[in-house]
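Modelling step: build the complete structure from the supplied sequences, incorporating the hints.
Chains as they are written, first to last, in the numbering used here: chain A, 1 to 313; chain B, 1001 to 1108.
Some hints here could point you the wrong way.
Stated by the list, open to error - Taking lysine to aspartate or glutamate pairs in the DMTMM-like style, the calculated list, with each CA pair at most 25 Å apart, reads:
| # | chain 1 | residue 1 | chain 2 | residue 2 |
| --- | --- | --- | --- | --- |
| 1 | B | K1086 | A | E89 |
| 2 | A | K202 | A | E169 |
| 3 | B | K1086 | A | E103 |
Claimed, not checked - Stretches of chain B that chain A covers, calculated by requiring three or more beta carbons in the stretch to come under 8 Å of a beta carbon on chain A:
| # | segment |
| --- | --- |
| 4 | 1036–1043 |
| 5 | 1061–1068 |
Calculated directly from the structure, the hints in this document are not laboratory data. Cβ atoms here follow ideal geometry from the backbone N, Cα and C, with glycine treated the same way.
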Amino acid sequence: MNLFRSLAGLLLAVSLVPVALLAWLLSRRGADVAGPALLAALAALVAALLASALVARRVTEPVRALVRAAIEIARGRFGREVTARTRDELGDLAYTFNHMSRELASYDGENKRLIAALERGYLDTIRSLASAIDAKDPYTRGHSERVAALSVEIGRELGLDAEPLKTLEYAGILHDIGKIGVPEAVLRKPDKLTPEERTLVKSHAPVGAEIVEGIEFLRSAEPAIRHHHERWDGGGYPDGLAGEAIPLVARIINAADTWDACTSERPYQRAYSAPEVVSILDSLRGKQIDPAVHEAILRVVERRVAALKGPKT
Amino acid sequence: MLTDLLSELGHAVVQAENGAEAVAACGREQPDVLILDFLMPRLSGLDALREIRRTQAVPAVLLTAINGESLRGLDGVEQVQALLQKPVTRRALERALDRALAGGTRPR
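So this is what it looks like as structure tokens:
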């Protein structure tokens, strides 16, 4: 039973009592007035029906509007308001409801601002952590930031949501954090590494993953850090994963890492030009780099080069 | 509007934008009577009053558009000396102020 039907029914039942009483009284006075009396009773009945429906609607319509607005607020659309037409308790309900809705919206906005400020604080902290690693090796200064920025751009190009984009940013900044355990002499060595040194360098991926494992808000970055040296063909480290078994975020960071390593000067190599790096990436497609990520990074790089040249005149 | 009416009645008025400001202003101004809006952002008039009463025993009028009957039994409403219904008329304002300043303890 809905409110409209119960209210209308109640009003109708109450108004039927005098109508019935009137009809009964008139019909007792003789057959000559029975006809008109019945007609009058019928007219009164119709009037009562209309009036009941009208009054019931005045109550139920605002209640239904409130129900709809309450549902909207429950769905997170804070600030949703209803229009208050009457100056009675129903109007008061709408008025206080609207106040509540505005307050919820304002608390919600404040919470969002606080969360954003906290996240900025976190990000600053991990940035300084990462720059401590970059500082160990003058050749990689700014490397982590650049890999993070490029990874996010590639992720966006691939249509990723906000959550994996955030993972890309964190993991990009921290992907080499495990190098904290690798001696500087090895990191800066221009010559070929010995097998022992090679093992040491390779350990930076799982070590980095272990470092962030204990930090709640960085946990999503852990697989990306662990697997950023896996290869699409399965020949990478530390686990030799291949293809889709490698987390997508790790595949993206791998490609961005390769791009940045090739475009910057390293103890063991000169910095390559953009066209040279593009052909290097082409040769790695399907071997080291995921073909889909390869296409995305090329589009991103192309856009960057176009932006550098400025708009065509 | 309310400020104009109060000035016409010969009162000096200090305005506050919200509940928190009202609490701060009370500390500075030591008013004879408070007129508090019931529904204010962040701090309801009743919560602001509770805060103010911690330090001063100033009588209070609660200003609201809501039917007074609906407020009966609401937590904190017993601290108020008079209710003033919106929209405010000069007569209702005078009556509410009289009631508050006379030290009535029960809201109308």
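We went through each hint and held it up to the structure:
A threshold of 25 Å between alpha carbons decides the hint, and for B:K1086 with A:E89 the separation of about 14 Å falls inside it, so the pair holds. Distance restraint check for A:K202 and A:E169: the Cα-Cα separation of roughly 22 Å lies within the 25 Å cut-off, and the hinted pair is therefore satisfied. Among the hinted pairs, B:K1086 with A:E103 is consistent with the structure: their alpha-carbon atoms are about 21 Å apart, no more than 25 Å. For the segment 1036–1043 of chain B, the stated coverage by chain A holds: 3 residues have a C-beta nearer than 8 Å to a C-beta of that chain, and at least 3 were required.
Only residues whose beta carbon comes within less than 8 Å of a beta carbon in chain A count, and the segment 1061–1068 of chain B has 3; three or more means the coverage holds.
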